[in-house]
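Chemist: Kindly generate the complete structure, drawing on both the sequences and the hints.
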Amino acid sequence: MRRTTGYLVAAILLVAVTAGFAAPDAQRQQELRYLLRHDCGACHGMSLKGGLGPALKPERLRAYTVEQLADTILRGRPGTPMPPWQPFLSAQDATWLAGFLKQGKAP
Amino acid sequence: MIRHSLVILSLALVYAASGVALGGECLVRGTGDLGVIVERAAGSVVVVDTTHHKILSRIKGLGDLSHASVVYSRDARYAYLFGRDGGLSKVDLLCGTVVKRIVQGGNSIGGAISQDGTLVAVSNYEPGGVKLFSAESLAEVADIPATPIGNSRRSKTVGLVDAPDQRFVFSLFDSGEIWIADLSNPQSPAIRKFRDVGRQPYDGLITPDGRYYIAGLFGEDGVVLLDLWHPEHGPRRILDHYGKGERKLPVYKMPHLEGWAIAGERAFLPAVGYHEVLVVDTREWKAVGSIPVHGQPVFVMARPDGRQIWVNFAFPDNDTIQVIDTESLNIVKTIKTGKGTLHMEFAPRGGEIWISVRDQDRVKVYDTRSMQQLASLPVAKPSGIFFTVRAHKTGL
Numbered sequence: 023m024r025r026t027t028g029y030l031v032a033a034i035l036l037v038a039v040t041a042g043f044a045a046p047d048a049q050r051q052q053e054l055r056y057l058l059r060h061d062c063g064a065c066h067g068m069s070l071k072g073g074l075g076p077a078l079k080p081e082r083l084r085a086y087t088v089e090q091l092a093d094t095i096l097r098g099r100p101g102t103p104m105p106p107w108q109p110f111l112s113a114q115d116a117t118w119l120a121g122f123l124k125q126g127k128a129p
Numbered sequence: 005m006i007r008h009s010l011v012i013l014s015l016a017l018v019y020a021a022s023g024v025a026l027g028g029e030c031l032v033r034g035t036g037d038l039g040v041i042v043e044r045a046a047g048s049v050v051v052v053d054t055t056h057h058k059i060l061s062r063i064k065g066l067g068d069l070s071h072a073s074v075v076y077s078r079d080a081r082y083a084y085l086f087g088r089d090g091g092l093s094k095v096d097l098l099c100g101t102v103v104k105r106i107v108q109g110g111n112s113i114g115g116a117i118s119q120d121g122t123l124v125a126v127s128n129y130e131p132g133g134v135k136l137f138s139a140e141s142l143a144e145v146a147d148i149p150a151t152p153i154g155n156s157r158r159s160k161t162v163g164l165v166d167a168p169d170q171r172f173v174f175s176l177f178d179s180g181e182i183w184i185a186d187l188s189n190p191q192s193p194a195i196r197k198f199r200d201v202g203r204q205p206y207d208g209l210i211t212p213d214g215r216y217y218i219a220g221l222f223g224e225d226g227v228v229l230l231d232l233w234h235p236e237h238g239p240r241r242i243l244d245h246y247g248k249g250e251r252k253l254p255v256y257k258m259p260h261l262e263g264w265a266i267a268g269e270r271a272f273l274p275a276v277g278y279h280e281v282l283v284v285d286t287r288e289w290k291a292v293g294s295i296p297v298h299g300q301p302v303f304v305m306a307r308p309d310g311r312q313i314w315v316n317f318a319f320p321d322n323d324t325i326q327v328i329d330t331e332s333l334n335i336v337k338t339i340k341t342g343k344g345t346l347h348m349e350f351a352p353r354g355g356e357i358w359i360s361v362r363d364q365d366r367v368k369v370y371d372t373r374s375m376q377q378l379a380s381l382p383v384a385k386p387s388g389i390f391f392t393v394r395a396h397k398t399g400l
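Top line first, the protein sequences correspond to chains A and B.
Numbered per our numbering, the first sequence spans residues 23 to 129.
Numbered per our numbering, the second sequence spans residues 5 to 400.
Don't take every hint at face value.
[Unchecked claim] A few chain A residues facing chain B, derived, Cβ under 7 Å: (1) GLY67; (2) MET68; (3) SER69; (4) PRO106.
[As the list claims (entries may be wrong)] Short derived list, chain B residues pointing at chain A, Cβ under 8 Å: (5) ARG44; (6) SER70; (7) ARG88; (8) ILE113; (9) TYR129; (10) PHE222; (11) VAL255; (12) TYR256; (13) LYS257; (14) MET258; (15) PRO320; (16) ARG362.
Hints are computed from structural coordinates only; laboratory data are not their basis.
Bear in mind that the values here come from a model prediction, so they are computed numbers and not experimental data.
In this text, a Cβ means the ideal position worked out from N, Cα and C, and glycines have one as well.
Modeler: Structure below.
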């Protein structure tokens, strides 16, 4: 019985951790989409077709992995106007955003 | 029958009294106290009456309006709207309608109208360059392609302004240039190019008298100054000692130089990558100080009489406005206007300021003397606010 409970707790924890890593909760996703549209959109265009910064459409992002894109979001690109978003975004946020961008959904 | 007519007449009177433009009807009034506010997410603008703090009409179907800006026809009846998606729209303030809309490029960043009001110029990121259109018909008149970057791109053009003597001035972000285009003969623009002015000019402005063009640099410290009375002297670097050896902060929103704040012999401008407003002596073009502020400034705007400077800030500090007294250089007021405070515009004589608060879907009107809020208008995701007084100002 105790062992079963232990497995159950472990399983719940595992699910929670994986889910947590895979995607921020629904409210955070809404916040991130808003940020993408309005704050990232200031340079990349509200519909992400580009501006002072490049377009963030899936065609263009195909050359990069989710990890690379998340890293760019978090650390920025030195020598360009792209700033590091680490102060405002977790690794989980950035990974979710990168995946979102690669899927090409409207923010 | 008579009763029926009376009902119609009284309805008409009610509408006339409310001053609202109806479908197919146009207002009969002056436009000197009107303006437009961009609803960037909805792709629409509202026409506002600044005397009565009222929305007169909403004009829809204008495309992607993120970063959209506006210039006015010289009679201040028509607004030309430059959309991010390359759209150029001419809207009629009195009728509340789109007169003409074209998509002239893939990706654009603002425009200007010529001194004589006949040409509208649009600055494009993609394909990089400036295109000119008839202000009357929006027919293309001339194309000025920017310097090629590699095989497939051309430099993005930024900081496009009109200048006296039927000229336009703009900067090239990728190739670090400033160009003066003389449109005396619209079919064949005469271009004067200044190369190697500095790394990544990100925006430009012209002083209210139309004499000096100034480009802000992103890629290095300093600012470029070009005297349009003496272009033969070439561009001059000013303020380039500023910030040397200091660690810049990341920039989450590019500052804007449009509407540069000049008060008496001092100019005020946003410091890129610092929580400061720079103070410059316009006789010597030397920095005379800097004012620590709440965040990284985006717009630094002088009240028309030059007595106050109002500043808004980049993400994540974009919920605040600060007011600087231009005599003492002290911050005299900090106002928590709300998250997403993006843009502001003074009433022509400066008694009021209108402020866009994106996340509240509100435009708030403040008295600039008491600094109290006077009114608040419902506007969906408001960004740029442009009053018709701009019709008569060089560079706006």
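Chemist: If a hint holds in the structure, say so; if it doesn't, say that too.
Modeler: Going down the list of hints, with the structure as the test:
1. Given hint, A:GLY67 at the interface with chain B, holds; its Cβ is 5 Å from that chain's nearest Cβ, closer than 7 Å.
2. Proximity of A:MET68 to chain B holds as hinted, the smallest CB-CB distance being about 3 Å (cut-off 7 Å).
3. Hint status for A:SER69: holds, given a least beta-carbon distance of 5 Å to chain B, under 7 Å.
4. Because the smallest distance between the Cβ of A:PRO106 and any Cβ of chain B comes to about 6 Å, under 7 Å, the interface hint for this residue holds.
5. Here the hint on B:ARG44 is kept, as its CB sits about 7 Å from the closest CB of chain A, short of 8 Å.
6. Interface restraint check for B:SER70: the shortest CB-CB distance to chain A comes to about 3 Å, inside 8 Å, so the restraint holds.
7. Against a cut-off of 8 Å between C-beta atoms, the interface hint on B:ARG88 holds, since the closest Cβ of chain A lies about 5 Å away.
8. Satisfaction of the interface hint for B:ILE113 is found here, the shortest Cβ-Cβ separation to chain A being roughly 7 Å, below the 8 Å cut-off.
9. Interface hint at B:TYR129: satisfied, since its Cβ lies 6 Å from the closest Cβ of chain A, which is below the 8 Å cut-off.
10. A distance limit of 8 Å between C-beta atoms decides the matter here; for B:PHE222 the minimum to chain A is near 6 Å, and the interface restraint holds.
11. Look at B:VAL255: its Cβ gets to within about 6 Å of chain A, closer than 8 Å, so that hint holds up.
12. The interface hint given for B:TYR256 holds, since its Cβ lies 6 Å from the closest Cβ of chain A, which is under the 8 Å cut-off.
13. Checking B:LYS257 against chain A: minimum C-beta separation of about 5 Å stays under 8 Å; hint holds.
14. The restraint placing B:MET258 at the interface with chain A holds, with a minimum CB-CB distance near 7 Å, inside the 8 Å limit.
15. Hint status for B:PRO320: holds, given a least beta-carbon distance of 6 Å to chain A, under 8 Å.
16. Of the supplied interface hints, the one on B:ARG362 holds, with its beta-carbon coming within about 7 Å of a beta-carbon of chain A, less than 8 Å.
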